[in-house]
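Novice: Here are the chains, one letter per residue:
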Amino acid sequence: MSTSSKKEAARQRIAEKRAAEAAARAAEQRRRRTVVGGVVAAVVVVVAVVVAVVVQTSRTSTAADAARPGGTSAGGNGYTFSVGTGPVTVDVYEDFQCPNCKAFEDAAGATLEQLQQAGTVTIVYHGMAFLDSSQNDDYSTRALNAAAVVASDAGTAAYQQFHDLLYAHQPDERTGSGLTDDQLIAYAEQAGATGEDVATDIRDLVYGDWVEEATDQASKDGVTGTPTVLVDGTQLSDLSADGLRTAVEDAAA
Amino acid sequence: MQVVRSDLVRPWLATAARLLLGGVLVVAGVLKFPDPAAAVRSVRAYQLLPEPLVAPVAFGLPAVEVVVGLALLAGVAVRAAAVAAAVLMVVFLVGIVSAWARGLQIDCGCFGGGGQVAAGETRYLSETLRDTGLLMVALALARWPHSRLALANRLETPTPMSTTP
Numbered sequence: 046m047s048t049s050s051k052k053e054a055a056r057q058r059i060a061e062k063r064a065a066e067a068a069a070r071a072a073e074q075r076r077r078r079t080v081v082g083g084v085v086a087a088v089v090v091v092v093a094v095v096v097a098v099v100v101q102t103s104r105t106s107t108a109a110d111a112a113r114p115g116g117t118s119a120g121g122n123g124y125t126f127s128v129g130t131g132p133v134t135v136d137v138y139e140d141f142q143c144p145n146c147k148a149f150e151d152a153a154g155a156t157l158e159q160l161q162q163a164g165t166v167t168i169v170y171h172g173m174a175f176l177d178s179s180q181n182d183d184y185s186t187r188a189l190n191a192a193a194v195v196a197s198d199a200g201t202a203a204y205q206q207f208h209d210l211l212y213a214h215q216p217d218e219r220t221g222s223g224l225t226d227d228q229l230i231a232y233a234e235q236a237g238a239t240g241e242d243v244a245t246d247i248r249d250l251v252y253g254d255w256v257e258e259a260t261d262q263a264s265k266d267g268v269t270g271t272p273t274v275l276v277d278g279t280q281l282s283d284l285s286a287d288g289l290r291t292a293v294e295d296a297a298a
Numbered sequence: 012m013q014v015v016r017s018d019l020v021r022p023w024l025a026t027a028a029r030l031l032l033g034g035v036l037v038v039a040g041v042l043k044f045p046d047p048a049a050a051v052r053s054v055r056a057y058q059l060l061p062e063p064l065v066a067p068v069a070f071g072l073p074a075v076e077v078v079v080g081l082a083l084l085a086g087v088a089v090r091a092a093a094v095a096a097a098v099l100m101v102v103f104l105v106g107i108v109s110a111w112a113r114g115l116q117i118d119c120g121c122f123g124g125g126g127q128v129a130a131g132e133t134r135y136l137s138e139t140l141r142d143t144g145l146l147m148v149a150l151a152l153a154r155w156p157h158s159r160l161a162l163a164n165r166l167e168t169p170t171p172m173s174t175t176p
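Note that the protein sequences, when read in sequence, are chains A and B. Here the first sequence stands for residues 46 to 298, numbered as in this note's numbering. Here the second sequence stands for residues 12 to 176, numbered as in this note's numbering.
Chain A extracted, bound-state conformation:
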């Protein structure tokens, strides 16, 4: 072997060694970048989740000493109003802004009240407010608050009358702007709630926190759509007058 070729071979070995070292360094750099990146990503995700949970929890928490309406169902959870004394219980979950609830009230509301007046059923009204929008000026909440004010002031018969008035005059869900507070106050008076605080309690959303809790309670009850009607605990699928009457007769039998 000649001297020059020996030198050549040595140079090549050195070059290969350097290349291998550089590759190892690059691999180490990549590995470090991956670890750092992974840690940064995990921290970003954890911080985002913690901030979101803290902020949203504070936004949804209601005051422990929030005002509660009087006249709620005896032995109930404080979020329902009962009318009648019949042996069959009909639970009605409704939102005053919900068009399908109006459809149910138009179709079967009179039948339900006849059954209650005949002493067959007890109606338990569960108000919900989940159709608030900026367009309707949070009408769902304002309406349920007003209904609670009416029940508090004048009893559950007045609640029922106010409830019927609101469905009879329900503003359109998509294009309507909700009934105004003045209109709610006028209907409250028509239903018999004439106390001096009625108007201010309606305007000031005195039961605003209670409305939020009532809506949450309905969701805890497993209600995912309105109207949800339960006849002695069984969900009514046929929401016509006949469907309601048949289910009540079956339950009473």
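Treat the hints as calculated values from the structure; they're not laboratory data. Accuracy of the hints is not assured; some may be wrong.
Claimed, not checked - Pairs of lysine to any residue, SDA-like flavour, derived with a Cα cap of 25 Å:
hint, chain 1, residue 1, chain 2, residue 2
1, A, K265, A, T167
2, A, K265, B, V108
3, A, K265, B, L42
Note that this is a predicted model, so its numbers are computed, not measured.
Starting from the known structure of chain A, arrange chain B on it as the hints suggest.
Specialist: Relative to chain A, chain B alone:
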């Protein structure tokens, strides 16, 4: 020729996948913030989680969606974000399909809302197809994460040894 063309096209397809997946996740996450009470009802409607976990999931999941979505839009940690997006899609699919199988009448709440739906107006099929499609996109992106217009491409220190992957 075939190879050259796919090398040119694939990074742009990955960019499109990033923008689609990231855009959907960011929009879906952001829409759940304005009404936290509705987010809680929406998660509860699936009847899968015990009550103490409902609110944390309802508030935390949108944050994860936004972070993963932003990573995809920006093009950082694309492979990890794509894997995370795929995991999210699997979670959503499990929830939707199980609600469907149990006969629940709910809206998936994917883009906000409280999970309420009028009887007979559930959209389980379209929700399932959409999330399955997004899952496929996420998996493809996890397999081929290299894309154009990615922030990571600029942060990457160019090493003399490296060839374009």
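Novice: Check the hint pairing A/K265 with B/V108 against an upper bound of 25 Å on the C-alpha distance.
Specialist: holds, 21 Å
Novice: Could you grab the alpha-carbon distance between A/K265 and A/T167 and see if it respects the 25 Å cut-off?
Specialist: holds, 22 Å
Novice: Please work out if A/K265 and B/L42 have their alpha carbons no farther apart than 25 Å.
Specialist: Roughly 23 Å between the alpha carbons, so the hint for A/K265 and B/L42 holds.
The structure meets every hint from the earlier list without exception.
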